[in-house]
Amino acid sequence: MTFLAPLMMLGAAAVSIPIALHFFYRARYQPLPWAPMKFLREAIEQTSRRLKFQEWILLALRCLAILLLALAIARPAERSVAAAGAGEPIDAVFVFDTSYSMAAADGDKTRLERAQDAALAILDTLPNRSTIQIFGCADRPMFLGPVSPDNRDQAKQLIQNLDVTSLSTDFFPGLAEALQAAARGSAAAKEIYLFSDLQKSGWERQLNALRGLYEHIRQQQKVNLIFIRCGHPERRISNVAVVDIALHATIPHANTRVPLDVTLKNTGRESIRGLRVALEIDGQATKGDAAQVDFIDAGETAKVTLTGSLQEAGLRLVSARVDGDGIAGDNILYRVIHVRDKVRILLVAHPYAGQPYTDAGDWLVRWAFFPFDAQRDKEKIERYFIEVESVSPKDASPEKLAKADVVYLLNTPTRTTDPLQGLSPAFIAQLKEFVRRGGGLVIGCGEAVNIDGYNRSLGVQGAGLLPLTITGVRQTTEATPFTPAIDSVVVPSVLAPPEEGQRQAFHNWLRRVTLTKMVELDETGPGSQGAQVLLRTTDGQPLVASRVVGDGEVIFFATSLDETWGRLMSEGALAAPLNMYLLAHLTSRKVPGGTRQAGDVLTWYPPQPEASFELILPRPRRDKSVSPERPRIKLGPGKWDGERWMVSTAETLVAGEYAIVPLGAAAPTGLMSETGVVFAVNPDLRETENLQLASDSELEQLLGARPTVIPAGAGTESAVRERRTQGEWTEYVLVFLLFLLVGEAAWAWFCGQAW
Amino acid sequence: MPTYLKPDILARAEALGLKARQIVEGLRVGDHKSPYKGFSVEFVQHREYVPGDDIRHIDWKSYGRSERYTIKQYEQETNFICHLLLDASNSMRYGSGATNKLEYAKLLAASIAYMVIRQRDTVALRIFNNGWVAELPPSSQLGHIHAITHTLEDTQPHDRTAMGPLLDEVADRISRRGIICVISDCLDELEPILAGLRHLRFRGHEVILFHILHPDEVQFPLDGNIRFIGLEEHAELLTRPHLLRPAYLRIVQHYLAAIQRGCDGSGVDYVRLLTDRPLAPALAEYLVKRLQANKR
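Protein chains in written order, with the numbering used here: chain C, 28 to 782; chain X, -5 to 290.
By construction, these hints were calculated from the structure, which means they are not laboratory data.
We put the CB at the ideal spot given by N, CA and C, even for glycine.
Each hint can be trusted.
Pairs of lysine to aspartate or glutamate residues, derived as EDC-like cross-links and limited to a Cα-Cα distance of at most 16 Å, are as follows:
#1 Lys227(C) / Glu727(C)
#2 Lys65(C) / Glu183(X)
#3 Lys65(C) / Glu227(X)
#4 Lys183(C) / Glu140(C)
#5 Lys544(C) / Glu590(C)
#6 Lys292(C) / Asp350(C)
#7 Lys65(C) / Asp210(X)
#8 Lys55(X) / Glu42(X)
#9 Lys65(C) / Glu230(X)
#10 Lys65(C) / Glu185(X)
#11 Lys427(C) / Glu416(C)
#12 Lys369(C) / Glu414(C)
#13 Lys292(C) / Asp271(C)
#14 Lys430(C) / Glu460(C)
#15 Lys369(C) / Glu339(C)
Partial chain X-side listing against chain C, Cβ under 8 Å, derived:
#16 Ser85
#17 Arg87
#18 Tyr88
#19 Leu181
#20 Leu225
#21 Glu226
#22 Glu227
#23 Leu231
#24 Leu237
#25 Leu238
#26 Val246
Have a look at the derived ranges for each label pair, beta carbon to beta carbon:
#27 Phe51(C) / Gln286(X): 56 to 62 Å
#28 Asn219(X) / Phe763(C): 26 to 32 Å
#29 Asn219(X) / Arg76(C): 16 to 22 Å
#30 Arg76(C) / Ala278(X): 42 to 48 Å
#31 Phe763(C) / Leu243(X): 37 to 43 Å
Let the sequences and hints guide you as you build the complete structure.
Here it is, written out as structure tokens:
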């Protein structure tokens, strides 16, 4: 037990009053000479025991009354946290859930507006000399201010200007930070308020850590954690999220209309009708690129195919927007598409040497890219968006890689003692850099592949491009060929097109492939980390493997991509889609900036160091100005990561278009930026996957103890005040004192009666 | 006129007269009848001789007629000596003004003395506390009343009461039977007092105990916080008397009943006088009762 006003316990000294009165009145006895003292003595003897008993009881009651009065004034309390009620200052920490579910309309206000109203009301209840620290918290804590913790006006302004982010909810980091912030204050009482809709998923993200933290807070007697519920657990919020924008396994190029699959998901608890889905490219709605979705049942997804018109080459920001639900934060999804005027492919292979042309390493691959007749449609081939260049290994120079988007090494040896044969070390070194910067590399095997040279030059000890170390060659007969095991295809992967029909057809053709020879790969050796086997043969050996290197990726085929070791490329129905999938997959990686999720770190490797860089943020939702200027954050000069300059930032709190540019550089128009890099940041869709709010009993179950939950609304202020005095025993003491005084009066009356 | 001779009291007392219940022997003839039959000229009755009777009193004429020994008894009017025994101990100090016990007692003593002398009887005064404070010899002279009143006037309360032994002493010292008026609050050990009274009665005296009490001592109407200071002992008691009243009244009633019983048992006239009651009607009441009792 503690006292909210311990000094008031000095009032207990007043217990001396009845004692003093006792002696005072003793001195005030009126003297009376008396004759029959004997009778008096006898009377006293007969009654003295009773009288003494009565008087002692009376004195004890009066002393107890004084003590109780002092006790009541001292305001005894179960926990010292209620000291606030006594006017003692409080170190208050306000933690606002800024996940975008807080923007959901809950009655006539949004949850965030309820939180703001409640916070302002609670702010007014804080005693003088209290401090206030405000944090925003979705999945990470953000200190918002005020700079001076006792500046309430600033705190009010901060609260009024709060806005939601595009992050999902995770309560642990915010509460942990709030606890530390509260500990930094000097007041005896600490109060941490979490203003949130108390979404269930926010507790489950780091449940064990949160439980431990909550237990820790509960054990700290001076810290009071109060949840202000800003959403009604039973209120049903309708929500449809745009969860994906997918290209139809094609390579977007200029002057075409690209079909885009927009996937919607109803994450609410009731079906939704009449949704409008619209496609925008670079923020501009394209005429006709909109569709109506009649009905989505609760928990179900719907796919809408919209076509976007891609007129110009470059990076295009494609967004799909839906409206008509209760939460706007996930109603838009961005995707950066690199629209190309040409896709350049460099095939490194042995040149045609008079053998059947189909044996040439590059023949089948080359023509797999062109849906034209090689002789008759030469003009079409020249205008086609795919441009293929073949080069022999010995002629493959680093300069050849400058314009290439994807490189195929087809049955290409590395250089040995013969300086006129194989890939030069300089080419391999540049190839490594090419892949790291986002280029795609496809390697096909063959008789010319020298295993030792490959492992040494391209393997883990060399350029690190080989997904797995080659351990040998194995072969079989035509009668018992190696065949791909379709069941082993990794989904999703480049070998598993997202569209079901395409995937079925592709896998049917793939199933027919027969191989007689392939290299063996070591899946457990030191070079296997980071590799992924995408396809195996029916006897379980790796047939296709991949490795991500930097921003690029290497796809390795354990057999040849001509007809010397098998018939993988023999059927155009298989070779054409396979190579297009490879091309679409590998070129999609080479997108500067790219698509990220809110909260992700944006990293840019500038071509040259600058004095300082800036992050250009999306325009704030509340900003209604017509000025093209967007807010900027200074990032500093960047840092050297050992190989190159790097600028990174995690200030990606809201979805939208971001750019990193040198200090003072103009904001990029669209996504094409010559002086910087542009990112599209999407909302964290985990936020609306489960919109269920945790009820009080569920919170108790989750946290292991019943927390203090106060609904935001008209009664918040009084509830908080009441909470502060909840542990106080004053009322009970006063009631007891009242009964005691009544008892004392009754006893005094009783004692005044002669027996 | 002395303070204790108030005309109204004396007038009423004189009008009613003082009729002694018993006839005492006296030196002069008065309107009191002697208790000693046989010495007077006025024949009263015969009674049968019993061994021990003086044979000189046998009525031989009657023997001649009846052959039985009879004694001839005579009645003779005599005057009597009234012994006033006044308690002047400290306990008599209680009360103020007219209700002061000693003053009341002095007034009573003076009134009785005056009435007795006016009847040409003899009165003696003895004032005591734990010993004899003052003594006036018996006298029937009218001037004796002045000596009595002066003595009473000079008397101040002192010391404790020790009445029992003094009564015994009086019984031993007074040979002639008379009327013994004991005026006291009797706040002493009860048994010695009763023993003394019995002793006086044994000596043949008519004994009247005038029990002078202050109403406070009987009714105990006190309230508030009071420090009782003993008048005859060095003791103090702090108490709230209203809390003690029931017990006190029980004790007092028990004590008064014991005195009454003791007096009745030994033939002592017990007259309780509360000082808040005017003396005249109280005394008159007693005398009326006494006269009526004598006629019966």
